[in-house]
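Visitor: Taking the hints as your guide, dock the two standalone chains into a single complex.
Just so you know, the protein sequences line up as chains F and R, in that order. Residue numbers for the first sequence follow this note's numbering, beginning at 239 and rising by one. Residue numbers for the second sequence follow this note's numbering, beginning at 1446 and rising by one.
Hints in this document: simulated from the structure, not taken from any laboratory. Yeah, the Cβ is synthetic: ideal placement off N, Cα and C, and Gly gets one too. Any given hint could be a false lead.
[To be verified] Keeping only pairs whose Cα atoms sit at most 27 angstroms apart, straight-line, the calculated BS3-like set for lysine-lysine is: (1) F/Lys314 - R/Lys1521; (2) R/Lys1472 - F/Lys585; (3) F/Lys556 - F/Lys423; (4) F/Lys336 - F/Lys318.
[As the list claims (entries may be wrong)] Here are the in silico distance ranges between beta carbons for each label pair: (5) F/Ser532 - R/Ser1515: 37 to 43 angstroms; (6) R/Asp1518 - F/Glu245: 22 to 28 angstroms; (7) F/His401 - R/Glu1456: 40 to 46 angstroms; (8) F/Asn537 - R/Lys1511: 38 to 44 angstroms; (9) R/Ser1515 - F/Gly534: 43 to 49 angstroms; (10) R/Glu1456 - F/Leu420: 43 to 49 angstroms; (11) R/Glu1456 - F/Glu450: 55 to 61 angstroms; (12) R/Val1509 - F/Asp588: 45 to 51 angstroms; (13) R/Ser1463 - F/His401: 43 to 49 angstroms; (14) R/Lys1467 - F/Lys249: 47 to 53 angstroms; (15) R/Ser1463 - F/Lys261: 35 to 41 angstroms; (16) R/Met1499 - F/Ser436: 25 to 31 angstroms.
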Amino acid sequence: MSYYVTEIDTKGNIAVDDTLLVKDVLSTAGSHILEGFAPLFSAEVVERVQKAGYTVSGKANVGEFGLDLVGEFSNKAATKDGSLVGAAAQLVAEGSVKAALGVDLNGAPRRAAALSKVNFIKPTYGTVSRYGVIPCACSGEQVGVYAANIADLKQVLSVISGHDDKDGTSLQHDSYDYDTDLEVKGTKVCIIKELLSSADDSVKASVSAYAEKLRKCGVVVEEVSFDMVNAAQTAWQILMAAETCNNLSRYDGVKFGYRTPNYNNIDELYVNTRTEGLNFLTKATIIYGSDVLSKGRYNDCYDKSLRVRRLVVEQIKKLLGDFDAILTPVCSKAEYKPYDIAEAFTKVFDESRYTAIANLTGIPALVSGGVQLMGSYFDESLILSLAKCVERVSE
Amino acid sequence: MTLDKLKGLEELNQLSFSEDEKSSVIKIFENMNENEKILGEYNTDNTDVMVHVMPMTNVLREDVRKQPFSRDDLLKGAPEHTEDSWQVPRLVK
Chain F
239 MSYYVTEIDT KGNIAVDDTL LVKDVLSTAG SHILEGFAPL FSAEVVERVQ KAGYTVSGKA
299 NVGEFGLDLV GEFSNKAATK DGSLVGAAAQ LVAEGSVKAA LGVDLNGAPR RAAALSKVNF
359 IKPTYGTVSR YGVIPCACSG EQVGVYAANI ADLKQVLSVI SGHDDKDGTS LQHDSYDYDT
419 DLEVKGTKVC IIKELLSSAD DSVKASVSAY AEKLRKCGVV VEEVSFDMVN AAQTAWQILM
479 AAETCNNLSR YDGVKFGYRT PNYNNIDELY VNTRTEGLNF LTKATIIYGS DVLSKGRYND
539 CYDKSLRVRR LVVEQIKKLL GDFDAILTPV CSKAEYKPYD IAEAFTKVFD ESRYTAIANL
599 TGIPALVSGG VQLMGSYFDE SLILSLAKCV ERVSE
Chain R
1446 MTLDKLKGLE ELNQLSFSED EKSSVIKIFE NMNENEKILG EYNTDNTDVM VHVMPMTNVL
1506 REDVRKQPFS RDDLLKGAPE HTEDSWQVPR LVK
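Isolated chain R, as found in the complex (with noise of 0.2 angstroms):
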């Protein structure tokens, strides 16, 4: 890891670190790194991914037309909100 793609990482993620932070992430890297060397010593060409440990079944259901919450419940958890919208910075000028 270096402080370059860490900032890549950062922007993608949307978020960011102080600097000690970062030198403290980078070592976390380091450390993961070595670990995962663990991984290449088995033999998974003919092992299929396992993505869930319990078998799925996609369930389908008929649509039925509902309203489980009302507009005033969604927005009261908003950090700021006008009478029918959450509200965020202007996007476009």
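Same shape as in the complex, but just chain F (with noise of 0.2 angstroms):
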């Protein structure tokens, strides 16, 4: 099974996906709604991983929009052994590439890497330039990568970090000076029972094998109550349907991309092109961020997410005041099966609940051994060298 939307080079040794643009080569975000279209610059990422001396491989298959849980509805859906794969973390896995640069706006690249037992980090909202990617929930997504283990993450995320001018969101660092080998002997770590309780129990005994071997690295685990999972979780699903129902209004079919043959006149042509070329869960998707933008409902939804959004940061920097870092799980199940698009709203969302404080609040989030990491701002470092201690202990 080929994991790649358009191969580029069957040398190269990094994939990216397919919301990140290569120049001169189909960059379709998962969609039918971007058939045939081939962008004239590259993403800023690609460019420095270029000139870095990697070679990009391919555009590894996503869903459409990074929308859905893993990939399941997109141009080129993976399966193996009957359960639902993320491509750019199934060709780290199977060795096919070094690693592979992603777009994390809910969660799907982490959830991926879990499934596929590869490392993916989400680093610090701004550290890593967003021009260049298809953009969607643009206040809380984030270029991450892949890589099958934390010598060879470091390295790809320290290319590709750092300030760049030709995106706005960029934070003014320059670089980025991560550390894997920080002492993390009588660090605390804390697993939030809200999130081990309403995982299923292959899920609880993988975080409790990941906290036994962060015990033996010296690390203190304990576990603690946070009371805003369902409203991190709810104010994310608000914020990012409201910016995905901005961003994607740009596709109409005039300009670039798939229009449809089914029109007589410019609103059937808009119309139908978008609702030929978007997906269902695309669609419910937009037309929730439509509602909950209208007069009537933005105070209580919008408004009040952006406010609660506030409430979060507040509430996990203090959270990450009194503990080093946080352990959860990233999914629900150690594996998905594929299923009917009618359900994928409602899925996304119930998995949500795991990635959606990073997007939300912006702070680092590391996959690792199937769990999670979160660390404070700008705190990779930490993040990773607790995974490569229990990367260390596992060997």
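Guide: Structure (structure tokens):
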């Protein structure tokens, strides 16, 4: 099975997901509506890895605009032994590439990494340029890295991070000095009870096993309560849908991408292009996003979510003042089976319970060993060092 | 969510759903309306909105005239175009 939408170089050592632009290479974000779209420039992260000597192997399949669980509703959905897998994660897991770049807007790459037993890091918001990302939910999406081990993850993250003038949300630091060998003995990690209790037994067992390995590294691990899990999940769903609604309004069949053959006037061109070009999950997200921005709903939904975001940020900072990192599941299950797209919105919402905090607040999140470690802003080094220590004790 | 309201949102967003899809969308709204109740449990009267999680400053630069892409390059990806323009159905009769 090919996990590529477009293969570029069979000898390439880094894959990029199909929401990242590569000059003159078809880039669809997993959507029919971008059929035939070949961008005129590459994403900043693609240029940076190429300048650093990496060769892009191809465009890995993603779910339409990265909105689904792991890429199941896209041009080329992938399964392995009957279970869903994410393409970029699987390319890394099978050793086809050293690393891959992916865009995390609602946790899809983190879930995919957990299912394929590889690492993925979504760094602190603003540390990696989003220039050349096909945008969907700008205030929480971030480019991250998949790799089979922490050393490779750090190497590629170091290459892609740092200020970019072309991205208005890019922070000012020219580069970030990541360290994977910090002393972790004596550090404190908390497990959020509310996230552990809602996961199934196999996931709970993975978290417990990971916690045990952290203890072998001398880390203190404790369970704590964080009562804003549901609020963070809902607030991010509302903000993500609203931003998706705005960002995807550009797809109208006029300047690029798919155009319906079924139209007699401009209104039919717009409506039929968007109806045929977008899948049900994307359309439902747009409609929900439009609704939460509408008069009568704006204050209670969109505006309220922006205020709740601040409360969640304050509470997470407080929690990360008491602990050095947070350990949680990243999925409720150890595997997902294919399902009907009519269920997708609710299924993705349910699973975003584990990933929404990092998108909503912009803190770094690392998936390793099938679980998630979240850290303070700009403290990627600590979560990388924790994961590296667990790698060592697992050997 | 009602079918009438959904019709309005479909028009606003220039897309449409099949009859089966409409039932699914209404269920999604019912579900989300329940989930939204959690937000009401938090008093945000004295909490400012947070649009960006990182402090944002408006960075200005000098205007520089340049032609980043040629007209031909821009038209290359268009579904339909004339020699020098994107082509759409006639808007004014």
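Visitor: All hints, please: hold or fail.
Guide: To see whether the hints hold, each was checked on the structure:
1. F/Lys314 - R/Lys1521: At roughly 25 angstroms apart (the allowed maximum being 27 angstroms), R/Lys1521 and F/Lys314 satisfy the hint.
2. R/Lys1472 - F/Lys585: holds (13 angstroms)
3. F/Lys556 - F/Lys423: holds (22 angstroms)
4. F/Lys336 - F/Lys318: holds (20 angstroms)
5. F/Ser532 - R/Ser1515: 37 to 43 angstroms: holds (41 angstroms)
6. R/Asp1518 - F/Glu245: 22 to 28 angstroms: holds (24 angstroms)
7. F/His401 - R/Glu1456: 40 to 46 angstroms: 42 angstroms Cβ-Cβ, so the 40 to 46 angstroms window holds.
8. F/Asn537 - R/Lys1511: 38 to 44 angstroms: holds (43 angstroms)
9. R/Ser1515 - F/Gly534: 43 to 49 angstroms: holds (46 angstroms)
10. R/Glu1456 - F/Leu420: 43 to 49 angstroms: violated (55 angstroms)
11. R/Glu1456 - F/Glu450: 55 to 61 angstroms: With Cβ atoms ~56 angstroms apart, the hint holds.
12. R/Val1509 - F/Asp588: 45 to 51 angstroms: holds (48 angstroms)
13. R/Ser1463 - F/His401: 43 to 49 angstroms: holds (47 angstroms)
14. R/Lys1467 - F/Lys249: 47 to 53 angstroms: holds (49 angstroms)
15. R/Ser1463 - F/Lys261: 35 to 41 angstroms: holds (38 angstroms)
16. R/Met1499 - F/Ser436: 25 to 31 angstroms: holds (30 angstroms)
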